[in-house]
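J.: We have chain A already, so just place chain B on it with the hints.
There are 2 protein chains.
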Amino acid sequence: MQNRQIILKSRPVGRPTADNFELKEIEIPTPAEGELLLKALYISVDPYMRGRMSDAKSYVEPFQVGEPINGGAVAEVTESRHPDFSAGDVVVSRPLAWQEYQTVPATSVQKVDKDSVPLSYYLGILGMTGLTAYFGLLDIGQPKKGETVVVSGAAGAVGTAVGQIAKIHGCRVVGIAGSEEKLRYLKDELHFDEVINYRTEKDMEQAIARTSPDGVDIYFDNVGGEISDAVMANINKFARISICGQISLYNATSVPTGPRIQTTILKKSALMKGFIISDYAERLPEGMAKLVEWVKEGKLKNRETVIKGFEKLPEAFIGLFDGVNTGKLVVETK
Amino acid sequence: MQNRQIILKSRPVGRPTADNFELKEIEIPTPAEGELLLKALYISVDPYMRGRMSDAKSYVEPFQVGEPINGGAVAEVTESRHPDFSAGDVVVSRPLAWQEYQTVPATSVQKVDKDSVPLSYYLGILGMTGLTAYFGLLDIGQPKKGETVVVSGAAGAVGTAVGQIAKIHGCRVVGIAGSEEKLRYLKDELHFDEVINYRTEKDMEQAIARTSPDGVDIYFDNVGGEISDAVMANINKFARISICGQISLYNATSVPTGPRIQTTILKKSALMKGFIISDYAERLPEGMAKLVEWVKEGKLKNRETVIKGFEKLPEAFIGLFDGVNTGKLVVETK
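Residue numbers (my numbering), protein chains in the order written: chain A, 1 to 334; chain B, 1001 to 1334.
Next comes chain A alone, as it looks inside the complex:
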């Protein structure tokens, strides 16, 4: 039985390439007392990982060159040396190395119900992205019925959850995404009120004005850059801007510049807040309970793109920056 891992071979400069990664064969480790041997089933591939591949100081530690990448994953217990777990149990763990088999302390994982929902949901709508949407929209955005919510990166894992949760709260939802297929999905399946294709739209500022005739009350920002400039030009008095991601800028090799937004924030008495899901660590059970409830009621759909094959992890990650995915991007290891 082989065991493989994917290590960070070199730090990307600008857009990551296949050369930045290396697939290595290693031994399958043996669990010590209190540990579990896990086999990864589904591995999460996320834009924020690009930041960790740089050496720059950030809100999370950088990955180490020569060490495996790590992140969220769903795994099966293949051998347990802890009384609370048995072979065949399924757990979620964060972080888990990009590695087929690995040992972890049993205390670092959380057992999940393996029969009620597809296991990959724990990396999507019931995972960090669903919780990120939940707190970023509800705690920072404070949506009120009838308000207009604009979400960029709308077809992404967080974006689709944001739009659906905003609809649950009676808001008018405008989604911005980069392909007609994504827009159709947002409109037809998730019932977004308006959608904008930022790749084909000639004038984004006018597109926001056209689709948000009463102005923008909440902007959930996953992308940053010029798309955000266009939204900011249309915000209402007392608007709330939840900064969840800035994917359009992550590959920038110098400090990105743009219009100074403080003047707009001042004139509109607007609130802008950045966050990371760990800011809400103490409130995660509350969020999870609500998300599960909405999934059961059929109010919240999980959209995912599953790429098969452990060795496809680097390719899947690089593809994020080309928008290959609709919804959560996960790699199924088999």
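These aren't lab readings, by the way, just hints derived from the structure by calculation.
Simulated coverage check for chain B against chain A, where a stretch passes if three residues somewhere in it have a Cβ under 8 Å from a Cβ of chain A:
no., stretch
1, 1216-1230
2, 1244-1252
3, 1275-1289
BS3-like, lysine-lysine: derived pairs with alpha carbons at most 27 Å apart:
no., chain 1, residue 1, chain 2, residue 2
4, A, K187, A, K299
5, B, K1039, B, K1312
6, A, K144, A, K290
7, B, K1144, B, K1301
8, B, K1267, A, K9
9, A, K114, A, K312
10, A, K237, B, K1267
11, A, K268, B, K1267
12, A, K301, A, K114
13, B, K1237, A, K268
14, B, K1334, B, K1111
15, A, K301, A, K187
16, A, K268, A, K145
17, A, K24, A, K334
18, A, K267, B, K1237
19, B, K1114, B, K1290
20, A, K39, A, K114
21, A, K267, B, K1267
Which chain B residues stay away from chain A? Per the calculated CB distances, all over 10 Å, these:
no., residue
22, M1001
23, S1010
24, A1032
25, K1039
26, R1050
27, P1062
28, S1093
29, P1095
30, V1112
31, G1170
32, K1182
33, E1315
34, F1321
35, N1325
As the structure is a computational prediction, the values presented were derived from the model and not from experiment.
All C-beta atoms in this analysis are idealised placements derived from N, C-alpha and C, irrespective of residue type, glycine included.
T.: Chain B only, in chain A's frame:
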């Protein structure tokens, strides 16, 4: 008993002169039902009034030629035809004409405590600038003991109040201003912990780092632009940025650009909020009560220059442009 007013006789071109004003004697009016007859006690003289003397479109209406100038004032009720007011009450009103006696609707004024603080303070630290500092710092900044507060435009009316209120809350205060005389005042009289002269400082980002070795928890921004870039480069996780003004950008003829700050706001889980004092209209009495308390306790100082004589108003106003005043300039009518 005479009544006098000062009218705008002609619009100044360049620096105002005495010829632009005229002192006129008029009748003392009689209050109608629901009105008060007021006698002006202290009249505010402000640089912004120069703009209103021109015919140019602005955010406030221009003064009319042949009509009295108007602005903030403290006045005594000499006759009341409203049940909530009695002769002898002192009120603040904005705007009030540059006129010794006038009638106003009782609903347009606010009664103030006339015994515990000097009445001119209601045009300074206990006026709109003090309240602006109060809400912008406390509601948005949420200062905690031991935190570092940086304030730009620190020697201005709002900035001096911000620094003093931050000190009352046990914060470490760093003030940014543009002259050595101002810095001395902030340090020696208002007990700011650190001061920075942005005109002579070579590297503002390093200057902030040097004077805020533990990073910046709260930034009260009056100026915007490059000074703010330097502060933003030094903010802490969970920093709060209160956007009160952007004076460095007001004369810009095209959209000012600069580093995109959303990335910083995201990485630091920071909060940025713009505001104008009218956002807090319902909470003004609460703020005023606290400010009065601190003034009485000697914790909050008001800096002012008082010129005596109603007829000196034009001369006082013209003197603004020669820097006759230190702190708030007011005219005492008697």
